[in-house]
Amino acid sequence: MTNLWFQNIRIFLVLLLEIISIHFLLCQEFSLHVKPKFGSEVLELNRPYILGSDTLTFHHIKFYITNVSLQDSNQKTLNDTINYYLIDLDIRKTIHIKIQESYSVRQLKFSFGTDSLTNEDGAKGGDLDPMHGMYWTWQTGYINLKCDGIVSNETKRNHSMNFHIGGYKFPYNSIQYLNFPVNNKKFAEIEIDFKQIIEADVREQNYTVMSPGKKSQRMAHSIKKSIQLYQ
Amino acid sequence: MRAVAVLFFLWMVFGAATKYSKIGIPPHFPKPYFYEKILLLDSSTIELGRLLFYDPNLSADSSISCASCHSPYNAFAHTDHKLSHGIQDQIGTRNAPALFNLAWSKNFMWDGSILHLDLQALSPINHPKEMAETTANVVKKISQSSLYPHFFYKAFGDSAVSGEKLVKALAQFQFSLISANSKYDQVKVGLNHFSDQEQRGYTLFKENCNHCHTEPLFSNFEIEKNKLKVDSDLQDLGKFQITNEPRDSFGFKVPSLRNLSYSYPYMHDGRFQYLSEVLEHYSNQTLTSMKDSLNKTIEINLNSNEKIDLISFLLTLNDTSFVFNPAYHFPKSILKR
Chain A
1 MTNLWFQNIR IFLVLLLEII SIHFLLCQEF SLHVKPKFGS EVLELNRPYI LGSDTLTFHH
61 IKFYITNVSL QDSNQKTLND TINYYLIDLD IRKTIHIKIQ ESYSVRQLKF SFGTDSLTNE
121 DGAKGGDLDP MHGMYWTWQT GYINLKCDGI VSNETKRNHS MNFHIGGYKF PYNSIQYLNF
181 PVNNKKFAEI EIDFKQIIEA DVREQNYTVM SPGKKSQRMA HSIKKSIQLY Q
Chain B
1001 MRAVAVLFFL WMVFGAATKY SKIGIPPHFP KPYFYEKILL LDSSTIELGR LLFYDPNLSA
1061 DSSISCASCH SPYNAFAHTD HKLSHGIQDQ IGTRNAPALF NLAWSKNFMW DGSILHLDLQ
1121 ALSPINHPKE MAETTANVVK KISQSSLYPH FFYKAFGDSA VSGEKLVKAL AQFQFSLISA
1181 NSKYDQVKVG LNHFSDQEQR GYTLFKENCN HCHTEPLFSN FEIEKNKLKV DSDLQDLGKF
1241 QITNEPRDSF GFKVPSLRNL SYSYPYMHDG RFQYLSEVLE HYSNQTLTSM KDSLNKTIEI
1301 NLNSNEKIDL ISFLLTLNDT SFVFNPAYHF PKSILKR
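Protein sequences appear in the order of chains A and B.
Mapping of the first sequence onto this note's numbering: position 141 corresponds to residue 141, and the numbering continues sequentially without gaps.
Mapping of the second sequence onto this note's numbering: position 61 corresponds to residue 1061, and the numbering continues sequentially without gaps.
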């Protein structure tokens, strides 16, 4: 009786191990890599870039990519189980999403920034933890893009450059929704051109936008326009 | 009335009087805006929040704690300081508000700029004139302290410190600060009676003040304009500074009138030291409430006797058992001064 019981348990464990192994074998990743650019150049932190008569040096760039979802050729949608990714050029530029081997990615959807529910729903952990410095401390809401550095030209040296772009309330909601067709089922790269973003919105050499409103929303639209997908 | 009195008694015995847990909703109070927060209050998280609230390590030079500007003996306001007094004697632009019954408020700060208490603590921690720290560095300092792992483990089942846990614990302690045992409260549940003067004051209150300072919380928690002249040094435009909308100019959140004897000076910039000055300001005023966009106009005309009667009623809103509740005070058995 005891031997039979042990035999059954052994069969059960072997089957369980096989199921787990098959699951991992069939489970693959779709990787989304973020490549920051400044015009035609690859953007690196703490390196000077020329914009008109100004020299810009970026010290920190962080932003949220959220609500990533994939679609295959049969229109079957796969929503990522992790909803929020903080891209920090100091730390992380790639997102990995688990997919089944048979899943053939044809469409990529994601949001640049956080939605209104996330902004008003109390403290959150992980990439949304307020210790990452992406929550506005003087009002409710997440900063969707934080881009800090310095700007110099003939008349000024090392003036602050601070773009803190966000806002979730009507009429200045700044979240941006993006949607790209995908050919490669395991990898995609998005380029974000910071020259295009800043060039479109900087007026009279003013390199500061630090609150929600018209300027922030206009800049959020420029962010969307500056994002291209490469495979 | 007898049933309410029994409920109130039970709330006092098993709710407020219990050291931490089972903090219920006073029977004569409406449903809180943050109802779930009150239901889910947890004694271990409140205990951790209390430690953090009194810990000066939350400031850049470890000199200022939350309690520095929100003293329990002042109903968690800052008596004698018109404007908040932060790190290295820096002075802010607004009076530190009293803290109690926060689960009934739908927004926080004098301009209503913060919509969830969980995230309110980020404001003073990161403000250069208040605690001048960064959230990340506070997390680092608290992580390195030998005191906290035990309390984080008790509260969250994990001793690791994070920004999320830190602000949630601080919020839980503040949500637990419930003031509901003033003479007014006792009258409302049939355990006490107003004097004739207090009753006259109560009638005047309902006629003149209740629209904005709505009982039993004594605030409608809206942003309203009270026709105070703008301080030429501070140039504080209230909610306008957050929204940039002209309609929000000079709009400030309506404070509760509970515990006024402990929480002076009054108004968003602490300009009035005495209640008589406040009533002087409101007398002969025509105010238009912004609540629900009804634009209701209220004319306030009080003679000198009526002002005294009204103050007599306002003093019934003092809750001594709240102010002197040791469960809210400095945790001297754990923290060192």
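It should be emphasised that the hints constitute simulated quantities derived from the structure, not laboratory data.
Keep in mind it's a predicted model, so treat the numbers as computed, not measured.
There could be a bad hint or two in this list.
Claimed, not checked - Okay, derived cross-link-like pairs now, DSS-like style, lysine-lysine, Cα gap no bigger than 30 Å in a straight line:
hint : chain 1 : residue 1 : chain 2 : residue 2
1    : A       : K169      : B       : K1225
2    : A       : K156      : A       : K215
3    : B       : K1227     : A       : K169
- Item | Contradicted hints - numbers only | none
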